[in-house]
Amino acid sequence: MQNPEQVHIVIFTGGEAPEYEKTRLYWKTHPQADYVIAADSGLETCASYAFSPCVIMGDFDSIQDKALLDYYKDDIKVPFDADKDFTDTELAVEKAWEIAEKLKKMPFITLVGGDGGRIDHLLNIYDSFSKEKHVHSWLCNEQCIYYLQKDSEAEINGLKAQDYVSVARLSKAYTGGKAVSSGLEWESTMFRKEGMPSISNRISSEYSKARLPVKIKAEEESLLLILPYNAVVTCN
1 MQNPEQVHIV
11 IFTGGEAPEY
21 EKTRLYWKTH
31 PQADYVIAAD
41 SGLETCASYA
51 FSPCVIMGDF
61 DSIQDKALLD
71 YYKDDIKVPF
81 DADKDFTDTE
91 LAVEKAWEIA
101 EKLKKMPFIT
111 LVGGDGGRID
121 HLLNIYDSFS
131 KEKHVHSWLC
141 NEQCIYYLQK
151 DSEAEINGLK
161 AQDYVSVARL
171 SKAYTGGKAV
181 SSGLEWESTM
191 FRKEGMPSIS
201 NRISSEYSKA
211 RLPVKIKAEE
221 ESLLLILPYN
231 AVVTCN
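For the sequence shown, my numbering gives the first residue as 1, with consecutive numbering after it.
One should not assume that every hint holds.
[To be verified] The calculated lysine-lysine pairs, modelled on PhoX-like cross-linking and capped at a C-alpha distance of 20 Å, are:
1) K73 with K105
2) K150 with K95
3) K160 with K28
4) K73 with K95
By construction, these hints were calculated from the structure, which means they are not laboratory data.
Assemble the whole structure, with the sequences as input and the hints as a guide.
Put into structure tokens, the structure is as follows:
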């Protein structure tokens with residue numbers, strides 16, 4: 001259900017991105033996009049998803065098919081100089097928050113792409129979750145990353161016995177932060193005190209057989225959940 005106090009902004013960025021079919025369940029279980037931003041070669045992914053961009057941003061240096069730009073009106077194109085110390089993704093996230101502020105709504109931002117390729121860009125996106133203005137879910141090639149706000153609890157349905165469930169701290173919190181879980185093979189009492197609290201965890205056999213949802217709550221610090229695309233996540 002669409003939250004009237006929230007605006008869903010989708011950003012398509014460069015780098016590797018999942019095929020649309022892999023993300024179909026994500027779009028079914030989240031509010032429809034209110035605003036779409038294509039950052040540089042993210043325009044190609046945007047087109048492959050059959051989404052219509054409201055704005056196209058970037059230096060356009062990595063778009064393979066430059067003719068694709070001709071399909072869109074000039075008034076939605078926002079070009080940037082290639083010689084800059086900000087990535088196109090960073091500028092797109094900043095734009096998304098500006099849009100939400102103008103609408104006087106809370107943003108929910110989905111980032112599509114940015115996986116693979118340049119490791120500096122990949123690390124920059126991870127680091128951006130520590131900023132006040134960040135995205136809320138990141139759709140990568142094989143997994144989806146969800147931002148779990150401090151004092152919020154995620155209910156995760158649809159997990160299969162072989163699915164990986166990982167929990168990561170933000171880059172600003174190598175230590176600290178606390179997760180409280182139920183339904184995992186290795187519960188939060190066994191989580192690591194430094195770095196990633198849990199890697200390649202999975203739903204417990206008991207919860208899997210009973211088809212119960214895994215629950216993870218973030219205490220003291222926000223966390224990142226790294227999940228398969230068949231997972232349905234609800235945060236409270």
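Given the hinted pair K160 and K28, is their Cα-Cα distance within 20 Å? 19 Å, holds
Given hint K95 paired with K150 - CA-CA distance at most 20 Å: It is violated: about 24 Å lies between the C-alpha atoms, which goes past 20 Å.
When you check the alpha-carbon spacing of K73 and K95, does it fall within 20 Å? 19 Å, holds
Between the alpha carbons of K73 and K105, is the straight-line distance 20 Å or under? 27 Å, violated
Hint violations for this structure: numbers 1 and 2, all remaining hints satisfied.
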